[in-house]
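Q: With the sequences and hints as input, model every part of the structure.
Heads up: the sequence lines are chains A and B, in that order. FYI, the numbering for the first sequence is 1413 to 1751, going by the numbering used here. FYI, the numbering for the second sequence is 17 to 291, going by the numbering used here.
Do not take every clue at face value.
Estimated spans, in silico, between C-beta atoms of each pair [to be verified]:
1) A:TYR1608 x B:SER34: 43 to 51 Å
2) A:ARG1678 x B:GLU182: 53 to 61 Å
3) B:VAL274 x A:LEU1517: 24 to 32 Å
4) B:LYS181 x A:ASP1462: 52 to 60 Å
5) B:LEU270 x A:TYR1608: 32 to 40 Å
6) A:LEU1613 x B:PRO118: 36 to 44 Å
7) A:TRP1704 x B:SER34: 23 to 31 Å
Among the chain A residues that face chain B by a calculated CB cut under 10 Å, a handful are [said to hold, decoys possible]:
8) PHE1529
9) ALA1531
10) ARG1549
11) PRO1574
12) ALA1646
13) LEU1676
14) LEU1691
15) ALA1692
Taking beta-carbon pairs under 8 Å as the criterion, some of the chain A residues facing chain B (in silico) [what the hints assert, rightly or not]:
16) PHE1445
17) TYR1463
18) PHE1523
19) VAL1541
20) ALA1561
21) VAL1594
22) ALA1598
23) TRP1618
24) SER1621
25) GLY1650
Because the hints were derived from the structure by calculation, they are not lab data. Backbone N, C-alpha and C define an ideal beta-carbon position, used for all residues, glycine too.
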Amino acid sequence: MATPRTPVRGGRTGSPLTPYLFLAPYLALFVAFVAFPAVYGLWISLHDWDYMMSSQRFLGLQNYTDLMDPASVVFRDFWNGMGNTLLFTVISVPFLLVLPLLLALLLQQKFPGRTFFRAMFFAPYVLGVAVIGLMWRYLLDGNFGLVNAYLGTDISWTTSQPWAWVSLVGVTVWWTLGFNAVIFLAGLGDIPAEHYEAAALDGAGWWASFVHVTLPGLRPVMIFVVVITVLASANMFGQSYLITQGGPSQSTQTAIMVITELGLSRYQMGAAAAQSYLLALFLAVVSIANFWLMRDKDAAEQARVQRAERRRRRGNDGPPPEPSDPQVPATPASLGTVR
Amino acid sequence: MRRAARNPLLWVVLTLLSVVFVGPIAAMLLTSLKPTAEAQSADPGLLPGEITFRAYEVLFTSADNPVLRWFLNSMLAATAHALLVVLTASLAGYALARMDFPGKNLMFGVIISTMFVPGFIFLMPNFLTLDRLGWLDTLAAIVVPGAAGAFGVFFMRQFFLSLPKEFEESARIDGAGPFTTFFRIMLPNATPALVTLLVLSFLANWNDFIWPLYVLFNDARLTLPIGLSKLQGAYTIDYPVIMAGAVIASLPVLLLYVFVQRYVIDGVATSGVKG
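A: Here is the structure:
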């Protein structure tokens, strides 16, 4: 990872300060808008922080204990939002894994125009949530929407349950399926052809080679896609805000809607900051659980056996070396977070 | 594998999928060209019976909804944001990829780990920071804070790692200092990565919704997506107008996408694979 030391340090290659000069503009942004607010937000969450008021009253952990107290004013809205977010995540994530994988398998076939089709299926993702929200609000309209007209139905897609959830999940799948498919497609391309050839020599059919070659080969990409898809679904905001306005009767109001309404519309920033940290904590636990559940169990077991073996031979019980982290790829933060 | 092309089922599936993915976008465009009564009849067809640009006239002449202003705000903000990201991220990514200094790995680890921190925890504190800077309801509010994201740095670092060392060595022999080397040799050789990052940042900023929704207030300051969501309130009974607004917000990004779709898709694809 580290580049080898250049033989001439200082001198013409620049002073020891040079790297920091290169980093300074970005680090200034990073400190001001990422590092500092991560801590400042915690500080805010310990106060009755009304941005309209001149002084902020220190509350200690009360904003957090209020969230556990059914008698507090924030309790019902917050947990309603959390429940709705959980429901949306649980319903949408399976569709956002299976359908993009099928699409990627389809696009992996060799046929003329596959780049064109790939670009077409990705196209909705290029549009912002405001555009797709307004567009689908009209298409799903109960009185004169094209969806009802084409399906020959008479459903209030945006104002009655369970149709409001069907709509929100459907729109989200339509919008972001291409994004996950493109990542899967790249992952499929990285599986060595020899693995398929070996499976074919062993007489494996399509299904067997899918289960024994494709899925294991996709594991790192799959972990990545699961984690960012869960995060994106848990961040759902715009679709509900624009298509159902959180209705009917707050049944599609997501956690982010509750937090922004409280913190940035009613300026109860302390309470809202506490809610955002609690939600972040939930998401961190879920992400870690995802990594852990989907880790390569055989490889982890092998590593454990090897470590135990080494320890036994060395005859000491010092801390074992950590197994190397699974490759943690990265996502465009702006693409993967609040949608 | 080549057999696939001759399988009629493949083409049936591809055609159906194309209708599903592009159909709604086409419906948006076609609805914006319909008279209101036709768009809001009990049985609206896809194709307009009568083509009219009334919805666009309403949008561009309404004093309450300065759509042209929103468009310019969006264009200016997204362009400035993309340039800021590309400049700061390529400088930082280069230092992290090709220079050696104390604390480098720690710094990189801290920056990268924030990619998995959900953005909503920054909403309240950054709102207060903008307030203190006097940036609320200004262009800076939507240009600057987003540029602190770690993705650009990660992306540029990965790219610079892949360039051959000879670039810097020959520059050093020619007597070039580190900044000359960076701007004259390294950046020109990083053009594909720079274009990808530029386009991804532009798209993300153009489409951003939740942040501008809460830090912009004045009608004249809004970006297109936020302006559109206000239109929805004002024209609840005039769908062609709302669809025309959505078309205006989509056209620049769809056009950009048509020309640089390879960069966009490759950028997304590599984000998931190269760890």
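Q: All hints, please: hold or fail.
A: Hint check results:
1. A:TYR1608 x B:SER34: 43 to 51 Å: 28 Å, violated
2. A:ARG1678 x B:GLU182: 53 to 61 Å: With Cβ atoms ~60 Å apart, the hint holds.
3. B:VAL274 x A:LEU1517: 24 to 32 Å: Once the Cβ atoms are compared, 26 Å apart, the range 24 to 32 Å for LEU1517 (chain A) and VAL274 (chain B) holds.
4. B:LYS181 x A:ASP1462: 52 to 60 Å: 56 Å, holds
5. B:LEU270 x A:TYR1608: 32 to 40 Å: 37 Å, holds
6. A:LEU1613 x B:PRO118: 36 to 44 Å: Because 53 Å falls outside the window, the suggested range is violated.
7. A:TRP1704 x B:SER34: 23 to 31 Å: 39 Å Cβ-Cβ, so the 23 to 31 Å window is violated.
8. PHE1529: Result: holds, 6 Å to nearest chain B Cβ.
9. ALA1531: For ALA1531 (chain A), the interface hint holds, since the closest Cβ of chain B sits about 4 Å away, which is under 10 Å.
10. ARG1549: The hint holds - ARG1549 (chain A) has a Cβ within 10 Å of chain B, the shortest such distance being about 7 Å.
11. PRO1574: 21 Å, violated
12. ALA1646: 8 Å, holds
13. LEU1676: This hint holds: LEU1676 (chain A) lies near chain B, its Cβ roughly 4 Å from the closest one there, short of 10 Å.
14. LEU1691: 7 Å, holds
15. ALA1692: 5 Å, holds
16. PHE1445: 4 Å, holds
17. TYR1463: 7 Å, holds
18. PHE1523: 4 Å, holds
19. VAL1541: Holds, about 5 Å.
20. ALA1561: 6 Å, holds
21. VAL1594: This hint holds: VAL1594 (chain A) lies near chain B, its Cβ roughly 5 Å from the closest one there, short of 8 Å.
22. ALA1598: Interface hint status for ALA1598 (chain A): holds (4 Å vs cutoff 8 Å).
23. TRP1618: 12 Å, violated
24. SER1621: Status violated, d = 13 Å.
25. GLY1650: 5 Å, holds
In the structure shown, a violation is registered for the earlier hints numbered 1, 6, 7, 11, 23 and 24, in ascending order.
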